[in-house]
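Q: Next come the chains, spelled out residue by residue.
2 protein chains.
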Amino acid sequence: MSNTRSFLSARETAQSIAAESLTAVEAVSVCLATIAARDPVVGAWQVLDRDKVLTAARAYDRDASLSGKSLPLGGVPIAVKDNLDTADLPTAYGSSIYDNHQPMADASCVALARRAGAIVMGKTVTTEFAYYRPGRTTNPHNSAHTPGGSSQGSAAAVASGMVPLAMGTQTAGSVIRPAAYCGIVGFKPSWGLIPRQGVKILSDWLDTVGVFARNVEDVAFFAAGLTGRNVLRPDGSGGPFEVAVLRPPYPAEPEPEAIAALDRAAEALRAAGHGVSDLPTPHSLQNLPRLQRLVMAYDMEKALAYERRVYESSLSSILKTYLDEGKGISPRAYDSAMAATRDVQRDIDSVFGGADVILAPPAAGEAPVGLHATGDPAFNRIWSQLQLPCINVPTSLGPNGLPVGTQLIARFGQDALLLAAALALEQALAAS
Amino acid sequence: MSNTRSFLSARETAQSIAAESLTAVEAVSVCLATIAARDPVVGAWQVLDRDKVLTAARAYDRDASLSGKSLPLGGVPIAVKDNLDTADLPTAYGSSIYDNHQPMADASCVALARRAGAIVMGKTVTTEFAYYRPGRTTNPHNSAHTPGGSSQGSAAAVASGMVPLAMGTQTAGSVIRPAAYCGIVGFKPSWGLIPRQGVKILSDWLDTVGVFARNVEDVAFFAAGLTGRNVLRPDGSGGPFEVAVLRPPYPAEPEPEAIAALDRAAEALRAAGHGVSDLPTPHSLQNLPRLQRLVMAYDMEKALAYERRVYESSLSSILKTYLDEGKGISPRAYDSAMAATRDVQRDIDSVFGGADVILAPPAAGEAPVGLHATGDPAFNRIWSQLQLPCINVPTSLGPNGLPVGTQLIARFGQDALLLAAALALEQALAAS
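Going down the list, the sequences are from chains A and B. In terms of numbering that gives the first Met the number 0, the first sequence has 265 at position 266, counting the first letter as 1, and numbering is strictly consecutive. In terms of numbering that gives the first Met the number 0, the second sequence has 419 at position 420, counting the first letter as 1, and numbering is strictly consecutive.
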């Protein structure tokens, strides 16, 4: 994306700060200037406190200079979705119920980022409780289009160069879909890779903390720094990979640009020497979008029991309708959905076959026009329900000049392999 | 236990209130009187606000009288462990860091209990962040002995008749062990049966909300009311059950009274017509206590990253030592522990064989003397790591006249069967 080329990557930023050729104050100042220029239209930020950011950056520069130590994410500015608690910034979860709510503690993922030296720039807009009612964020590529949801502010902030890294969460498609619509890399790890204390949980089964960056190496750099897992950072030597390209029946009708992007990604990988084959969507996966929707509705209705009991009039009608759907689901239907899901998880090798990764559309196509909705997570539900790691890699442009991506999915726990394959795809696309 | 016989059960309380032969105000007044009499020695309560309780009970009585409707847990007093958020009562998680901390919302399990008509009496003492450093609670049977932990206030409140029902959480053995030491029923459901939004999470994998009562039917009544799962309430018609009695090698050396209780339970079940056989601890389970300890340390170190970063001097040395242990565990060791765990989960039928439930010691024996520690969760780690439902059933008395229990364990998701088998054990013990 030409509008992001001029910015330092997260790795370059960290390296320059470690080498003392850049200060954290300078790094956040560039971000603040970009925010000042672009946020009036993009609207990515829920909470931004320039003084706090500059104070934190100065403290980092002073401590690093005194200790002579550099940290994995030392001095790198990050954005935090506003459904993750922060001890020094209010956290509203996208709901007026929590206007000016100030948590006592950082969510553990935020604390881990800070421990690794990251500078929290502020909180980014989330849809209401990370469900469907949009916040005010627009797509950085065309403000008449949605940036996707629910991690809309995080995706838009990264896509517009306001910050190199951001955190989000996914229950249905809230990391992968906005990453695809905004033309950036979004990585939803295997369930549990990033701890969830301090996340406003909607579903114990589904909710996953994910990360955004402008390219695969940066997203891996962030995930590695957060989790202490250096193995997540691909060194470019992986592969060749066996790639299965998901073919119909799809969970929803894709636009032509989604299939064109998928074909382009497959072609580029094949040209780069990877093994590529077609995988008609296996029967065992075809029911999963329905099961994911059912499990999410059932779980959310319980997770938000307090808000509904006490503040029902402050909930949007789209949320209340979904909570009603959740309330109508019987425990028996829920248990049977979960049992079917676990069966597919147990037999996941029969889905992947000889493939290392599956290549699939991350969304039906380009970001839809309009800010009244955030698009459909139909293409994300299967992988969320199976708790599998997924990543969006920007692939091409659609008929409106908006980004279109490709989603890669790996087996549970194979996050390092997924990131290595995503880097291979990114490189293959650059060469194609 | 003779000291609890005189109190109405939770079911009788709900029935009497529904029949208008008792008011919620009267029900909570009996609890408040018992608390006044016993809590000076037992020390179960962290937060107790008589006026708030009476106001809530009056509101329930008025609403029930106006609407003519009765709710599943209508008017029944419950206790809530102080690691579960409450919107109207401070929540300190057992740590001075959170003195006077007032959450904005109820944990979803608390909201579900209130939605079902329960009256929250107050918050009960937890160990520091539900780990090992004890609070001030004593064992209701002998105040020189620990009540166990971490849900020590909840278990002691129920055991001393201060409240018929209480909520707790288990990461290693924090529901089953205090239930055993206090001579009550403690039920840790399958992972995820009770939602966790608003729990101070230590481990996404391990943490489970559980419930306490004085007998199996009451614990099932509470779990059913909370979750809307009436199937959890046994009707006494289940069985005969196939019961496998866990035999050595045990994860720790049991006291003679633990084995005597196990044998007594097995004998009573056999006499009642259930199938009883011995199960030498399978090889596949023998490593799990070590893996559970490793996973818990690794996860806790990340979950409490904020508290360690900002308030290190306010953490106990026993907690800091464990967080250090967690910090020293490599992601590779963690992943390998989790992979081994999932292997055992996948092949759980080979552990249970033809058995419906496993019978095992819930603890090494009676509650240890002294209030400086809460006893050893060695006998709980296997089942926590496997996310399996477990229950403690009071079985006999040990050499010091303190309660000794038996633990029953079922396959994942077989919570209803577990409760039915526990009722069968309770009845068999009463008849033996």
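Derived from the structure by calculation, the hints contain no laboratory data. Computed from a prediction, not measured in an experiment: that's the story for all the values here. Watch out, some of these pointers could steer you wrong.
Taking lysine-lysine pairs in the DSS-like style, the calculated list, with each CA pair at most 27 Å apart, reads [unchecked claim]: (1) A:Lys68 <-> A:Lys51; (2) A:Lys319 <-> B:Lys319; (3) B:Lys51 <-> B:Lys68; (4) B:Lys319 <-> A:Lys68; (5) A:Lys326 <-> B:Lys68; (6) B:Lys326 <-> A:Lys68.
Q: Please go over all the hints and tell whether each is borne out by the structure.
A: To see whether the hints hold, each was checked on the structure:
1. Between Lys68 (chain A) and Lys51 (chain A) the CA atoms are separated by roughly 23 Å; this keeps the pair inside 27 Å, and the hint holds.
2. Between Lys319 (chain A) and Lys319 (chain B), the direct Cα distance comes to roughly 43 Å. Violation of the 27 Å bound is thereby established for this hinted pair.
3. Restraint check: the Cα-Cα separation between Lys51 (chain B) and Lys68 (chain B) comes to about 23 Å, which is no more than 27 Å; the hinted pair holds.
4. Using a Cα cut-off of 27 Å, the hinted pair Lys319 (chain B) and Lys68 (chain A) holds, with the two alpha carbons roughly 23 Å apart.
5. Only pairs whose Cα atoms come within 27 Å are accepted, and Lys326 (chain A) paired with Lys68 (chain B) is accepted, the gap being roughly 19 Å.
6. Distance hint between Lys326 (chain B) and Lys68 (chain A) is fulfilled; the C-alpha atoms sit about 19 Å from each other, no more than 27 Å.
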